[in-house]
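So the protein sequences, as listed, match chains R and P. So the first sequence is numbered by numbering that gives the first Met the number 0: it starts at 0 and just counts up by one. So the second sequence is numbered by numbering that gives the first Met the number 0: it starts at 0 and just counts up by one.
In silico contact screen, one side only, chain P against chain R (beta carbon under 7 angstroms); selected entries:
1) Val34
2) Leu70
3) Ala82
4) Leu83
5) Gly92
6) Thr96
7) Ala145
Which bits of chain P does chain R cover? Going by a derived footprint, with three or more residues having C-beta under 8 angstroms, they are:
8) 42-48
9) 74-80
10) 84-91
11) 128-139
It should be emphasised that the hints constitute simulated quantities derived from the structure, not laboratory data. The structure displayed is predicted, hence computed values, not measured ones. From the three backbone atoms N, C-alpha and C, an ideal C-beta is built for every residue, glycine too.
Residues per chain are reported as follows:
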Amino acid sequence: MDVLGRYRNLIVLVGVLFVQILGLAVQVRRTTDNEPTRLIRIWAVGATTPLEKALVWVKTSTGNVWHNYFYLRGVRAENRALKEQIERMRLEQVRMSQDADQARRLQSLLAFKEQFISQTTAAQVIGGSGSEQSRLIYIDKGYNDGIRPDMAVITADGVVGKVLHADPANRHVAQVLLIDDQSSGVGAILDKARLQGILRGTPSGEVMLEKVMSDESVPAGEQVLTSGGDGIFPKGLLVGRVTRVTPGGDLFLNIRVRPAADLSRLEEVLVVTKIDERQAEAEQAGAARAVDILAERLPGVPSKSEEAGKNAEGAAAGPGTAETASSETKAAGTKSVGTRPAGLQTNAPSTVVPANAGSNAGSDAKKSTSLPPQASTSGIAPPARPSSVSSTPPVGSPRSPAISSAPKSGILMGTSSASQATATPGDAVKISPKPVKAAVQPKPQPAVEDGPH
Amino acid sequence: MARTKVAITYTSGEQVEVYRFGWPATLAIPLAAVVLQAFVPIWLPFVRIFDLPLLVVIGFATARRSPLAGLITGGCIGILQDALTHQPIGLYGISKTVVGFGASSLGIKLDVENAGARFLLTIFFYVMHEVVYFMIARGMVGLHMAWSWPQELLSGVANASLGVFIFMLLDRVKQRT
Chain R
0 MDVLGRYRNL
10 IVLVGVLFVQ
20 ILGLAVQVRR
30 TTDNEPTRLI
40 RIWAVGATTP
50 LEKALVWVKT
60 STGNVWHNYF
70 YLRGVRAENR
80 ALKEQIERMR
90 LEQVRMSQDA
100 DQARRLQSLL
110 AFKEQFISQT
120 TAAQVIGGSG
130 SEQSRLIYID
140 KGYNDGIRPD
150 MAVITADGVV
160 GKVLHADPAN
170 RHVAQVLLID
180 DQSSGVGAIL
190 DKARLQGILR
200 GTPSGEVMLE
210 KVMSDESVPA
220 GEQVLTSGGD
230 GIFPKGLLVG
240 RVTRVTPGGD
250 LFLNIRVRPA
260 ADLSRLEEVL
270 VVTKIDERQA
280 EAEQAGAARA
290 VDILAERLPG
300 VPSKSEEAGK
310 NAEGAAAGPG
320 TAETASSETK
330 AAGTKSVGTR
340 PAGLQTNAPS
350 TVVPANAGSN
360 AGSDAKKSTS
370 LPPQASTSGI
380 APPARPSSVS
390 STPPVGSPRS
400 PAISSAPKSG
410 ILMGTSSASQ
420 ATATPGDAVK
430 ISPKPVKAAV
440 QPKPQPAVED
450 GPH
Chain P
0 MARTKVAITY
10 TSGEQVEVYR
20 FGWPATLAIP
30 LAAVVLQAFV
40 PIWLPFVRIF
50 DLPLLVVIGF
60 ATARRSPLAG
70 LITGGCIGIL
80 QDALTHQPIG
90 LYGISKTVVG
100 FGASSLGIKL
110 DVENAGARFL
120 LTIFFYVMHE
130 VVYFMIARGM
140 VGLHMAWSWP
150 QELLSGVANA
160 SLGVFIFMLL
170 DRVKQRT
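Throw the hints in and build the complete structure from the sequences for me.
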């Protein structure tokens, strides 16, 4: 009895440690993906998040007062620069919408299914785990806001992570696992090499692309996109860029990736709450008449709108004909943008990301498809556009005939099924559909590109 | 009670002060430490190097000089910290239980009232905490972790530097028994 009293503290310590180790062992053994959240976690989150929300409110309010009323240095110059950037991006967006339209038509031919981010919820980051071994964040939107586990979380810069927990008990809080956590995994694909792999975090917080064979060539700086293979992230979202490639111990390369989103300084994120999956459709495909198609394939008197477009483009465009153009081969994405009318309006939602989700989608984008000649890809300046153009219209939405008629008819010439979508070698136009990303970076290239003349 | 006082006097050679904390401070300070640990690194990433809950555990344990109180405080704060992660609960709990017990036991033997002793004590217990955490995380949970002595020692020094200030703040709220 005296011994028990003498070593009481030590006995209690051993007892407490034993209980905790036992509990840990049970958790490790039972850990599954569908495990319900433990009560203690709910209590802990419930106790800490109100304080974190209050701190966020104080910080945001203070920041707003400072930035909106006091620190206004350089605002005018920034405003001017942003306006110029908007103008550049509008032109870029129009070009991208043409690419997207064309990709959609090709997908239609190949019976692809597309995934569209149709609904997102903006959320504020209110806290983290406070541990290096657990790279996650808490956001101020939860179960009651429609957030559910395994929803993708993104920013305008790129992919952030996925929702890990969103419990009814903590109605306005959700836990987001970042892509640099060692337990996360994202299906990824290299933009140009079209090699697929798995993106994983490391204990030190780096992000590595795994499962890429060591005999492949991967240049540094290449973009890494989501492949859609994980069933969480839609295909085509920007994840980051390759920073270093070294040979790995096994048959695979060690590819280090720098995330596009700054994961250490997240303030606001978007949770993808709804993804629509639907068959790509070529708009108004059935409305094309044979005479229209023939009229576009043969040289003839241009319509008024075409005439206007050509005049605006000036001598650079030249009087190219469909016949001369048809013998040209031009990659998609280098189409002539032409001169756009002023006041071009864009009605696109901020985060519309069309993406392929077919089982073979990763390799499909690599394929080139032969198509009949199209006015928009032949180097001829496109016709003048109406003053209002939806830059990334949803599938099935009505579009300006001036935009959709030429390409549409070109495809219809080929046929009604993918297997028949071929033309004579001379007419072939190689298309490499590019995924459209959430964040479109303006390119320094001029707005007007001269096609072959 | 008298026996305890005699024992303390015998081991330290002088009367050792034993302090306690009021309930508001006992609840609010650990909670604030955990919240700040989770909140501040979002805007100041370099703050991740600090372990505020650990500093509070050491501060409470050395002031109270009761191994039982120290291990319970350490266990509770550690479990609260675990609950905010997605790792199994107990990783921080076990580590901080050991640290709480050790710090309070050492607090009985040593004079931990001056800044130099606190600084060295914090480095020692920081490294001990990391060693225990590393062993459990790798051995039981199977986490992939790398151990780097320079990094751990550097973090220990950083935490000890901050710890000296935090202990001074804790001195203001502790009450003599």
